[in-house]
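Student: Order-wise, the sequence lines are chains P and D.
This note's numbering puts the first sequence at residues 1 to 81.
This note's numbering puts the second sequence at residues 1 to 131.
Where hints are given, some of them may not hold.
Below 25 Å or equal to it, Euclidean Cα-Cα: the simulated BS3-like pairs (lysine-lysine) are [claimed, not checked]:
| hint | chain 1 | residue 1 | chain 2 | residue 2 |
| --- | --- | --- | --- | --- |
| 1 | P | Lys71 | P | Lys59 |
| 2 | D | Lys74 | P | Lys59 |
| 3 | P | Lys71 | D | Lys72 |
| 4 | D | Lys72 | P | Lys48 |
Just so you know, the hints here were simulated from the structure itself, not pulled from any lab data.
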Amino acid sequence: MTMYQTSQLTDRAYDAIRRNMRSLTTTGLILGVLTGLSACVQVSAPDKPIVINLNINIKQEVVYRLDGDAKSLINEEADIF
Amino acid sequence: MFDTMKKNKALAVIGGLVLTAVVAVPVMAQRDPAYEAARSSGLIGEKPDGYLGYVTSPSPAIKALVEDINIKRKAAYTRKAQETNSTVEQFAFTSGCNLILRTVPGEKYQTPAGTWNTRDSSAPVRDSRCP
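Model the full assembly from the supplied sequences, consistent with the hints where possible.
Tutor: As structure tokens, then:
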């Protein structure tokens, strides 16, 4: 009786360890795949100089939004346009 | 008797309307003749930034005229920029797009590359951000 109980406990412990091992293996595999994928991304320095456009503060969407107001101003103050 | 009065009344109303129309037209501000002449002769032209520029080196009179108009333009752009929550440069640039489009054949305008073109019947060369 005592022997049986011990064996049962051992089996349970063994099962738990196996489950843990399996999840560890899965995590390891996923990590491995991710590391493998990221290793494929290659970054190379551009051969042309980087040009910063100073007119970036005037975006096309802003120009489209202001177009109606600009047109009405030109009509309102026709003497200076 | 009454008929005549009625007719007179109707005539008076029509006369009033005609008078209003005649008086209302000159109220709309027009370009100064010297400014109009400088534009059509190609001495000055419209720039993409919304201001006037000199195509050739200006005489003192032309210089004074352009500076005066550009100051007034900047004041108008500043007021409108505040109303529309934009910057003066953004509003001036949008106006520049429209002003170049409104030039008539023979007038000068500046391309984004900086050269002065004479407007012809074809569409003007403008910045790619223009609507």
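Student: When the structure is checked against the list of hints, which entries are broken? Sort them ascending.
Tutor: 4
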